[in-house]
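Student: Sequence:
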Amino acid sequence: MSKKKQEKVKHSGPERTVVTSNRKARHDYDILDTYDAGMVLSGTEVKALRQGRGNIVDAYAEIHNGEARVHNFHIPEYDYGTWTNHPPRRIRKLLLHRGEIAKLANKLDEAGLTLVPLSVYFENGWAKMELGLARGRKNYDKRQAIAKREADREIERAAGAALKRGR
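Going by this note's numbering, the sequence shown opens with residue 1, and the numbers climb by one from there.
FYI, nobody ran anything at the bench for these hints, they're computed from the structure.
Mixed in with the good hints there might be a few duds.
[Stated by the list, open to error] With a cut-off of at most 25 Å between alpha-carbon atoms, the simulated BS3-like pairs for lysine-lysine come out as follows:
{"#": "1", "residue 1": "K107", "residue 2": "K138"}
{"#": "2", "residue 1": "K24", "residue 2": "K142"}
{"#": "3", "residue 1": "K47", "residue 2": "K107"}
{"#": "4", "residue 1": "K93", "residue 2": "K24"}
{"#": "5", "residue 1": "K47", "residue 2": "K142"}
{"#": "6", "residue 1": "K128", "residue 2": "K103"}
{"#": "7", "residue 1": "K24", "residue 2": "K148"}
{"#": "8", "residue 1": "K128", "residue 2": "K148"}
{"#": "9", "residue 1": "K128", "residue 2": "K107"}
{"#": "10", "residue 1": "K148", "residue 2": "K107"}
{"#": "11", "residue 1": "K148", "residue 2": "K138"}
{"#": "12", "residue 1": "K103", "residue 2": "K47"}
{"#": "13", "residue 1": "K47", "residue 2": "K128"}
{"#": "14", "residue 1": "K142", "residue 2": "K128"}
{"#": "15", "residue 1": "K164", "residue 2": "K24"}
{"#": "16", "residue 1": "K142", "residue 2": "K93"}
[What the hints assert, rightly or not] Label-pair ranges, simulated between beta-carbon atoms:
{"#": "17", "residue 1": "R143", "residue 2": "K107", "range": "49 to 55 Å"}
{"#": "18", "residue 1": "I31", "residue 2": "R98", "range": "19 to 25 Å"}
{"#": "19", "residue 1": "A111", "residue 2": "A151", "range": "29 to 35 Å"}
By construction, the Cβ of each residue, glycine as well, lies at the ideal position given by its N, Cα and C atoms.
Start from the sequences and build out the full structure, keeping to the hints where you can.
Tutor: In structure tokens, the structure reads:
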């Protein structure tokens, strides 16, 4: 009898579980570039995030004294935590390479650019935040973006309908 060797299954990429995302940011801002940053969290914060709790709608990031930090990122208290629970809205440090922080600091000195948290996710067990270097949109820009998106959808629908009829 011959034993078959078990082959290891290779995954196409790292496993990514999104906890929360900021859909409003993509509406209010033009995202010029994105960065992935780790976060310095306490144990109860990680447990609360694993429960799928967290809100980044009002959050913003900044570079201060050579460190990246996020403000107004709300992680509710962990339900089963004791006196070790965390404050829900505290300033949290973001982990980026020194070169990335320097580049971001130079870009943020330009007028009208800001760092906006786009999503919080777990990748291979580590909590991370996707940051977007963004420029604010005016109201007429928002309307134009919505009109363009709807026009693109109509084109896709028409193309799909033509393909179905052609079969």
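Student: CA of K107 to CA of K138, is that 25 Å or under?
Tutor: 20 Å, holds
Student: CA of K164 to CA of K24, is that 25 Å or under?
Tutor: Given that 25 Å is the threshold and the Cα spacing comes to 35 Å, the pair is violated.
Student: Check the hint pairing K103 with K47 against an upper bound of 25 Å on the C-alpha distance.
Tutor: 32 Å, violated
Student: For the pair we were handed, K24 and K142, check the Cα-Cα distance against 25 Å.
Tutor: Distance of about 11 Å is within 25 Å: holds.
Student: If you draw a straight line from the CA of K47 to the CA of K128, is it 25 Å or shorter?
Tutor: Holds, at roughly 14 Å.
Student: What's the verdict on K128 and K107, does the C-alpha distance respect the 25 Å limit or exceed it?
Tutor: 22 Å, holds
Student: Straight-line Cα separation of K47 and K107 no greater than 25 Å?
Tutor: The given pair, whose Cα atoms are some 34 Å apart, is violated under the 25 Å limit.
Student: For the pair supplied as a hint, K47 and K142, is the alpha-carbon distance within the 25 Å limit?
Tutor: Given that 25 Å is the threshold and the Cα spacing comes to 37 Å, the pair is violated.
Student: Please work out if K148 and K107 have their alpha carbons no farther apart than 25 Å.
Tutor: 28 Å, violated
Student: Mind checking the alpha carbons of K142 and K93 for me, to see if they're no more than 25 Å apart?
Tutor: It is violated: about 31 Å lies between the C-alpha atoms, which goes past 25 Å.
Student: For a C-alpha distance cap of 25 Å, please report whether K128 and K103 respect it.
Tutor: Holds, at about 20 Å.
Student: For the pair we were handed, K128 and K148, check the Cα-Cα distance against 25 Å.
Tutor: 32 Å, violated
The earlier numbered hints that this structure contradicts are 3, 5, 8, 10, 12, 14, 15, 16 and 17.
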